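Given the coordinates of chain W, work out where chains Y, H, Z and B should sit on it, guided by the hints.
Residue numbers (the working numbering), protein chains in the order written: chain W, 426 to 710; chain Y, 426 to 710; chain H, 426 to 710; chain Z, 426 to 710; chain B, 426 to 710.
Honestly, the hints are just simulated from the structure, not real lab data. Bear in mind the structure is a predicted one, so any value in this text is a computation, not a measurement. Warning: the hint list may mix true and false statements.
When chains are identical, the list treats them as one kind, so a pair holds in a single copy or across two.
Okay, derived cross-link-like pairs now, SDA-like style, lysine to any residue, Cα gap no bigger than 20 Å in a straight line [unchecked claim]:
1. 626 <-> 598
2. 678 <-> 577
3. 515 <-> 710
4. 582 <-> 630
5. 683 <-> 618
6. 489 <-> 554
7. 519 <-> 553
8. 705 <-> 546
9. 683 <-> 633
10. 575 <-> 598
11. 575 <-> 641
12. 474 <-> 504
13. 519 <-> 667
14. 496 <-> 558
15. 496 <-> 480
16. 683 <-> 616
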Amino acid sequence: MSKFVTKRVLCAAIGALMIGGVGAASAQQAPMMDQKAPMAAPMMADRAKLLTQPGVFGNFSIYKVRPDYMKLSAAERKAAVAEAHMVIDKHKEKVIVDTYLTRGLGASSDYLLRVHSTDMAATQAFLLDWRATRLGMHSDVGENLVGITKALNYITKDKSADLNAGLTSATYSDPAPRYAIVIPVKKDAAWWNMSDEQRLKEIEVHTVPTLQYLVNVKRKLYHSTGLADTDFITYFETADLGAFNNLLISLAKVPENKHHTRWGNPTVLGTIQTPESLVKTLSGM
Amino acid sequence: MSKFVTKRVLCAAIGALMIGGVGAASAQQAPMMDQKAPMAAPMMADRAKLLTQPGVFGNFSIYKVRPDYMKLSAAERKAAVAEAHMVIDKHKEKVIVDTYLTRGLGASSDYLLRVHSTDMAATQAFLLDWRATRLGMHSDVGENLVGITKALNYITKDKSADLNAGLTSATYSDPAPRYAIVIPVKKDAAWWNMSDEQRLKEIEVHTVPTLQYLVNVKRKLYHSTGLADTDFITYFETADLGAFNNLLISLAKVPENKHHTRWGNPTVLGTIQTPESLVKTLSGM
Amino acid sequence: MSKFVTKRVLCAAIGALMIGGVGAASAQQAPMMDQKAPMAAPMMADRAKLLTQPGVFGNFSIYKVRPDYMKLSAAERKAAVAEAHMVIDKHKEKVIVDTYLTRGLGASSDYLLRVHSTDMAATQAFLLDWRATRLGMHSDVGENLVGITKALNYITKDKSADLNAGLTSATYSDPAPRYAIVIPVKKDAAWWNMSDEQRLKEIEVHTVPTLQYLVNVKRKLYHSTGLADTDFITYFETADLGAFNNLLISLAKVPENKHHTRWGNPTVLGTIQTPESLVKTLSGM
Amino acid sequence: MSKFVTKRVLCAAIGALMIGGVGAASAQQAPMMDQKAPMAAPMMADRAKLLTQPGVFGNFSIYKVRPDYMKLSAAERKAAVAEAHMVIDKHKEKVIVDTYLTRGLGASSDYLLRVHSTDMAATQAFLLDWRATRLGMHSDVGENLVGITKALNYITKDKSADLNAGLTSATYSDPAPRYAIVIPVKKDAAWWNMSDEQRLKEIEVHTVPTLQYLVNVKRKLYHSTGLADTDFITYFETADLGAFNNLLISLAKVPENKHHTRWGNPTVLGTIQTPESLVKTLSGM
Amino acid sequence: MSKFVTKRVLCAAIGALMIGGVGAASAQQAPMMDQKAPMAAPMMADRAKLLTQPGVFGNFSIYKVRPDYMKLSAAERKAAVAEAHMVIDKHKEKVIVDTYLTRGLGASSDYLLRVHSTDMAATQAFLLDWRATRLGMHSDVGENLVGITKALNYITKDKSADLNAGLTSATYSDPAPRYAIVIPVKKDAAWWNMSDEQRLKEIEVHTVPTLQYLVNVKRKLYHSTGLADTDFITYFETADLGAFNNLLISLAKVPENKHHTRWGNPTVLGTIQTPESLVKTLSGM
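Pulled out of the complex, with its shape left as it was, chain W reads as follows (with noise of 0.2 Å):
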């Protein structure tokens, strides 16, 4: 079985977290920080340039793990925790993977992978591979939602100036984040039948209150029309709920609000883990 190798190459990737290019697995993580530099290894998926690139897929998927999975042995559950990191280091050249932990923080999971990488298809692989594994083959999944990563197409340097300015200017300073928030947007046939000046001005009232919560909560958007039943995946990491719900307030008081026919459904919410605390977690270890 394995020795944890992956786990190294893991820490390794975990770099600035800023907009665009938020990163999970951090908290847990400081004092490994130290091994990162060596580990950078040419044959492995560039994380920074993942988490920041435009035409890369994000594939968030959640997880409950069924009951019987507790009734295997307690040697076979601690395998697993080895299993979970020989899979993701099997495919660590191509799919860069995060885990989150969502047992007791909504309903719809026990806990969330987010993959990213720039072939679906190694990102399929990848969840082929861990659903073989034993706490994958006793997971059933709740949903599984696809997107990719372009380049801002709003609140751009030509389009919109200031507030492009604003985006920029302000910076994650909080604690490291230990929360992630995971939600799938819809609109209305109304708001994709505006002109693309109307919703350009739409998304500027969008923006603006939301400059203030640079500080605090960071965000990653995804898009989903025709990969799946959403057009956008949100993605927030953040260490201060409270400031992340009225940050969610200040987007439902704006008009962009009366054209969602999808906001959660589910809403995830889960702590930042590493994939072996996570696994253990769940293995009752």
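Coordinates of chains Y, H, Z and B only, in the frame set by chain W:
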């Protein structure tokens, strides 16, 4: 196996039950109240504060017990009662737990947990441990909503002096509540896009007919936008379900009702129980 | 194991079946009716009062029997019949129970329990015991709605004298009902925001076409706002399903129908059964 | 175990298939038709009458076979074929049963039963017995809709003479139907609140484009308001699914379609089968 | 157990993939293409015709593999691969089968089957046999939609000459598709109640922005009104999911989108697979 050390501790925290500080688990515990003072240890979460202050996280989760639970031996099920106490005791420094029996009063669940803490991760840690108990392992979660308490933001002394006085002048005078009701509330975009003044006016109209029920229905509010697929969790306690029905009809009759996109779904009605009585009942003991 | 001591008791309570006092379990019990008078013990819940007075809680729960029930031995299933009687007998001082077989007449359930009591906790106590019987342990609850009876609040002598006279002048004259139908009703915010006068007018228009069906369809109303995800539970008994279909079509044709956000979902149709015949049938005996 | 005594009986009842008297189970039974006349016993429900007269109850139920059914021994599953016949035979004096294989043609079911009787309790008695057979015990019901036949109430000789003539002049002339389709229909409050004249006009517009499909699609209508969560059950038989698709598109194009709140959900498409072929196929024989 | 006799046969049918004749199972089969010509037996369904002609039935079914499948022995699961081939081979004279792996790319399924035939009963016969294989017996169907192909009915040479020329002038020029997407579409009554001219105009506006994606997204349309709870099944193949996302956004932006009552639910995204690779992967081999 634990002696029910937490029982006294739980009781110790049960204080004055007023608006903004509704506490459960009271009716059944009258004989134990005299143990309260000596047990108020500094290591314990302050129930009175957690139930009255803003910035506290409320976590509501409902469960169905799977049929195979009753196939455990009587000894195992008896141990489940102790386990529940142990787990509540283990987390008593950070979280307080209220328990409700919902079987027979609604189809969505057999029991309800209400957990308060100032740290959502501490709440999650408790719920993970609960799910690892015998009963928890045989429970399927049906809904799990998360919210945060805030200071009153509409009917304040400044904004609506008379109604604020009305809210604070009357107090609950009925026998100790035997029932609790949880009703999730989500509002439409038109509601959130009103000006603050419009919403204040709506809430004033909402508040007037509710004043008469202060004497027989306690209420508490949690804010959930972005944290769950609801905007609010409304929590009630009463000894008089007929009065409660009339209160909710009066709330149906105000214009605010036109902005509800979720009002219930599920409505959770349960009897207030000590953890011991809850687990015993569900364990067939 | 109990001798079916409750059988006589149950029968004893079956009285005049009129509007506001619809009773079930009658058709099959004709031979036992002569046992009625001597058994009317003071310890028993007063069926006639519970079925006619305001302030009574009605609890409607529907169940599916899991397939593993039929894997119990014939002896075990035979014992289930006795158990059902014992449980009903145990609670007979506080609750009355009517039983209906719904399998084959709708997909949502195999059987329906209607329980009345002036104390909801007493109803819960009965249902907890029911769920602990062999049959109950192998039953999954599909819907469970709770309501309270009230005096007529629209078509009263004062407000609508003629229609009130119409309602009280005609009585059920068909053969004893064989079928019961339960239809939950929820109304929209526009309905509740009408003035009392407007709603009275709507209910008058609703009432006119229903008068002709007083002779062949019995009805009873429960109020549920805030107690369940419905505003009303409407309960009917009839021997003539064609007439009932016509009655409901006439109700579809009045403007009130425009305010229904729930009308059924599920519509529960069952045959009226004694507890014994119900449990025997579901037990394959 | 029963010799398939019901087989001849079933066949005996298969008569002229016309509008208002659509019969199933025909295509596969051509070789057995010569047994029809001598078997027409007076004890048997009159198929022709039940399929053409008003006041007859139609009961449509769909089922999925649970995977554990195929774990029964081959002998047990073979016995299931005989059992199905026995049960149909047992009830043949009161109910007639048509059977359809839906697996592979829709996700909601594996098979469909259509049962007619003038007594709903007799239908329930049959379905209870069906559920007690080996196959029935391993079947989960997916939907179960109940309706009653009525005389035409819009396109009558009096109200709409020309269209009535059109409806009655053309008859089905295609090869015997191989497929049946069941589509539940529910109408909105605006539909029911129209005057009778308005609804007649709508139905006339609805009827015109359907006349051309009388030659290749048979239809039958059941009324369900109050008996199930649908207003109508529409039943079709055809040998030409392309023509049926065109017929339904023509019905989508008339204004009546604006009043559909349910049109399908599920749409049930199946091949017409004898009970023997149905049970054999589902039993893997 | 069968030697994979069907493999060559399957490959033999893979022809030119163009609009109106999108074929799956191509990318993975390049090495086998040279076996194509000699194997084109007269007994086999003509893939090219079935994928291009009107009047062909398309059947789309998605499945989840139950966890107990992986508890079968490796030998049993290996046999499942052969079984799948045998079943496809058995029906090859009447039906063609395309297979897709959807696990990891959506929550609704693990795999997708697309089956074409000119006889729906032949398709059903194949799917019944599939469900009787080891894998099929351990699969739960999630959705199963049925449709029929038709000649273009809007953008024809006669009605819309320029757009028709646009549709036929450009051809797919990207690398062989690796992904397929199935999106069910249902339209509202307002859509169907438009005049033919209005709908033609809407479809023209719909078509213009799609022309540029002819080079990298293939499409095929099936008509389902009355045959399933959808009006259309839209099927796509692509190697470029980013382009596909842009195509679907462009379709969201035309007024036709206002008439969608179903657009997805589920959206099914999968990788194109041979039956062998599909079953091997799902069997953990």
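| query | Is it within, between, both or neither when you check residue 575 against residue 641 at 20 Å Cα-Cα? | reply | Between copies only: 19 Å across, 23 Å inside.
| message | Within, between, both or neither: how does the pair residue 582, residue 630 come out at a Cα-Cα threshold of 20 Å? | response | within (16 Å within a copy, 32 Å between copies)
| task | Give the relationship of residue 496 and residue 480 under a CA distance limit of 20 Å: within one copy only, between copies only, both, or neither. | result | neither (42 Å within a copy, 39 Å between copies)
| task | Tell me, please, which holds for residue 474 and residue 504 at an alpha-carbon limit of 20 Å: within, between, both or neither? | result | neither (32 Å within a copy, 44 Å between copies)
| said: For residue 519 and residue 553, with the copy left unspecified, which applies at a CA distance of at most 20 Å: within, between, both, or neither? | reply: Within one copy only: 14 Å inside a chain, 33 Å across chains, cut-off 20 Å.
| Between the shortest in-copy and the shortest cross-copy C-alpha distance, which are at most 20 Å for residue 575 and residue 598: within, between, both, or neither? | neither (25 Å within a copy, 24 Å between copies)
| How would you label the pair residue 489, residue 554 (within, between, both, or neither) given a Cα cut-off of 20 Å? | both (17 Å within a copy, 16 Å between copies)
| said: I want to check one pair: residue 515 and residue 710. Are their C-alpha atoms no more than 20 Å apart within a copy, between two copies, both, or neither? | reply: between (24 Å within a copy, 17 Å between copies)
| query | Quick one: residue 683 to residue 618, C-alpha cut-off 20 Å, is that within a copy, between copies, both, or neither? | reply | For residue 683 and residue 618, the Cα distance is within 20 Å both inside one copy (14 Å) and across copies (9 Å).
| At most 20 Å between C-alpha atoms: does residue 519 with residue 667 qualify within a copy, between copies, both, or neither? | between (36 Å within a copy, 18 Å between copies)
| Within, between, both or neither: residue 705, residue 546 at alpha-carbon 20 Å | between (28 Å within a copy, 16 Å between copies)
| request: Can you give me the call for residue 683 and residue 616, within, between, both or neither, at a CA distance of at most 20 Å? | output: both (9 Å within a copy, 10 Å between copies)
Hint compliance for this structure: hints 1, 10, 12, 15 are broken, all remaining hints hold.
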